[in-house]
Amino acid sequence: MKTDLITSMALLWGATGLFVADVRVALAADGDRDSDFPQVLTPSRLPQRLDDAPSTVTIIDRAMIEASGARRLVDVLRLVPGLQVGYKNNSLPTATYHGLSDEYARRMLLLLNGQRIFQYSRGVIEWNNLPIPLENIERIEVVRGPAAAAYGSNALQAVINIQTGSPAEYPGLSAQIAGGSDGIADGFLRYGGRVGVMDYTLSLSSVGDSGYPGVYDDRRNTSLSFMGDVPFEAGGELKLQAGFARGDYGIENPESTSSEPARDFPVTDNFQSLQWRKPGTRKDEWTLTLSHNAFHYGDRGFRNDQLLPGVTLQFDYDIEEERYEADVQYIRRFSDRWRTRAGFGYYQERVRSPFYFDTDATLSNEVSWLAGHGEYRIDPAWVLNAGAMLEYSSLTASWLFLPRFSVHYHVDDWQTLRLAYSTGSRQPTLYENDGRAVIRAVNVPLTIYRVIASGGLNPEINRSLEVGYHWQAERNQFDVRLFQEHYSDYIGTYYRPAPDVPTALPGVVLDFANDDPIIVRGLEAQWDWRNLSGTRLFASYALTTIDASGTRYDAGYEDSAPRHGLGLLASQEFGNGWQASLNYDYQSGMQWYRDRPIDGYHQLGVRLAKRFKLGSTPVTAELVGANLLGPVSDYLPNREWDRSVFLRFSLDR
Amino acid sequence: MGWRLLTLILVMLCAQARSATLLFVANGDSPEHREFLARQRQWQVGADLLALDTVEAQGTRLMGLVVWLKSAPSPRKSLPARVAAQTLMRARSPTLADLCQQVDVVVAVAGDAARAAKQNCSIPLLMVLVPDAQLQPLLEQNRGPARTAIYPTADPVANLRLIRELLPKAATVGVLVSPQRAELPSLRAEAHRLQFKLEEITATNDEEAVRALRSRVSALDAVLLLPDLQLINAWSLKPILLMTIRQMVPTFGGPTADYVRAGVLAAAVPDLDRLPAQIVAVARRLASGVVPAPVYPEATRVVVNPTVAGVLSIVIPPTWNAHAE
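As given, the protein sequences belong to chains A and B, one line each in that order. Using our numbering, the first residue of the first sequence is number 1, and each one after it goes up by one. Using our numbering, the first residue of the second sequence is number 1001, and each one after it goes up by one.
In short, the hints are calculated from the structure, not lab data. Values in this document were obtained by computation on a predicted structure and should not be read as measured data. Treat each hint with caution, since some may be false.
[Claimed, not checked] With a straight-line Cα cutoff of 30 Å, these simulated DSS-like cross-link-like pairs (lysine-lysine) come out:
id, chain 1, residue 1, chain 2, residue 2
1, B, LYS1169, A, LYS610
2, B, LYS1197, A, LYS610
3, B, LYS1197, B, LYS1169
4, A, LYS613, B, LYS1197
Please model the complete structure; the sequences and the hints are all you need to start from.
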């Protein structure tokens, strides 16, 4: 019995990192007690206490996701201080941290259970079409600030680590249906069981709505996902994950200069990953992860024979991308004071798009890295963190050294002061470095250029310095930080003359170039509070200022983040299974990169839920309303989300 | 360690008791058995007990310990039962049935020994450290000699008190229960006394327990795990701990202290150092013809997982450090 129990507990390591020390305690025959209590895994990939982590973290848990009434993952992120969410199109939600992004935001890293995934050669995250249903997400850790010392490229502004539950948490059948205004029609099915020693979960999800009022931008995202955990008798486990998602979108662009018609197109994502975790002695552990993911944006565009007399032009946006990755991690505890992590990895990205690269060939980029992190507890009050990554990219043919340091002073059992320096990086994407976006004529030999990348770009680097204060007592937390981020070699866009080729805009093409430094300063605070009468309150505030006065290609950098952002989620449990929640956020005016300014907005959502039993089956009924204060424009001034209401029923058997 | 102390303390306590002869039996293949062997030399030099390497019980190999309660200045000379037992051992490998004829009460340690004693002995039986699920069928009394037990786990109300100690402001405690669970009335009464709202989450098996808790956990201030292996076991503990810790909800209790090492915040568990006193007291009553009802261990200790306490930002009183595991 004891052996079984300990084996079972050993699995908790791989699941979340929450229980590393507990497993060690359980495995220890007598009294080899671990004085640390890990709480977050994402900042350094070394399970740590939240107040010892070298970065500031916002944790969104399952209860918050449910209370928010969100139907899409990206909307949950509106609670994170300093993070902006916008929809230029219903098919393409965008999230960025501290602005500086267009609708293809590519300066944050998205992880699934700690694995780099869903992020391809363009750096863009397909938030709508992740093959992970929202219902399987138990926790989201958002590292606010650069974390390239742990993750390398793309961890420039923030890292978002989506953590699903372990398959054992979902035994039996769960089902959910939702319907409401704006064409909302969602469904979800999940079954969890055991085959031999493997716990598994299979989930099928379909989410759809009609998007912006009056715009042809319907969407339907359907996904199928599998998770399996296989424990080993001698300790350790194998985690299997796979998913497939298809998005079917409608799109129209009335402002297009190329008479772009409304049309439909599909997007598909799929991923597979295998993670093997092997404890060594009581003091160390190995983890090997292999993953593959692929993406196909299947918008075959349209033809136009009006722009040039006698010429039929083919506009095409089709792009296929793929990534293979291997990652090895080793964690070792040298003493109660001194813990380390080391790792190395390799990934290869491939992309093929005749119309974005003007070639039928598949282009690729290879990245190799070596990283380490150490946590040293000088005494009960003082903790030091130091880590670094050495990264090589074949695209830039250069090595990057990306360090991070932090010092933590525990004032008492609850309060901690920290000083942290961290770096972030982003390798140029294949499109930024080698892109040649074209329009081709189908009846005459003619190629018209929209984009010609000159190449030779340097990676973007973010050097961040922060001073923070953290307080935590039981289930309540408060965190505030002052920060400054110094972006160098920011990759901006500009139009340059191209006299030698036919161009879509008269005489110019779009190109990419490294810009001069941009400084982002601000203050961020978050408060997570629960009382013992079933009240939960999460509040966040961000003050962000951007200084881009010295840049060459300024296209609204300084306005690309709202000066003030406020988020509030309050929920209350009443008796007899009733629960109510309120979700509010405010954002002052801003302007997404190279787009038109939008005004500040207030957004209010409410949710009323009732749990009851239908026979012996637990059922939850929810009524959710969004944008109740009126229309909201979060990306373009002429596209407004209207009030919406939907009903949702969930059951477990 | 626990078995060694248990045995030593039993020796001392039995030496002070009045005339009665007890036979302790334990599974010969268990870790307890190995401990038993390791202590044999010391026990044999004692005046009041006799260790038996092998006791046959219809194919089950048990270890035995015969203990004579003191009744005269020199018990070694005045206990014919001891002579009879020694004779038995020298003559052949003694059977449990034969030995039981020489003693007043048989004390069975853990499940295999309890089953063997029930089948082979027609004298009063005291069962200790027998898992809850095995104990109930063994206690079912039809005809035959008296049977009783000291439960292997602490009284669940002790864990409710522990929750109040560590979480003075807690209001709602969830408890995973099988329908008709015997402890429920006393738990309800104690929860009322401690001003808890006891949220009873009913389940009939481990999967159902996980599923039922999942939808309720965020509304709870603590979760109490009863020693019910149908619901709380090595499989279900993992998802239960994952979902509770994520929601910063501490768990208490469980069948053994191993559950605390694995991630339960704290539990009251039997104090094996002090259990022998209760065993001897109950055995003496059985020997005198009284049949006491099964009882929980009178002496308990608190085990705490300081790692989990840290994760949950729950401050353990400094005076508890000696008991932390």
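Going through the hints against the structure:
Under the criterion of a C-alpha separation no larger than 30 Å, the hint pairing LYS1169(B) with LYS610(A) is consistent with the structure, at around 26 Å. Distance check on the hinted pair: LYS1197(B) and LYS610(A) sit about 19 Å apart at the alpha-carbon level, within 30 Å; holds. Only pairs whose Cα atoms come within 30 Å are accepted, and LYS1197(B) paired with LYS1169(B) is accepted, the gap being roughly 12 Å. At roughly 20 Å between alpha-carbon atoms, LYS613(A) and LYS1197(B) fall within 30 Å of each other, so this suggested pair holds.
Checked against the numbered hints listed earlier, the structure breaks none of them; every hint is satisfied.
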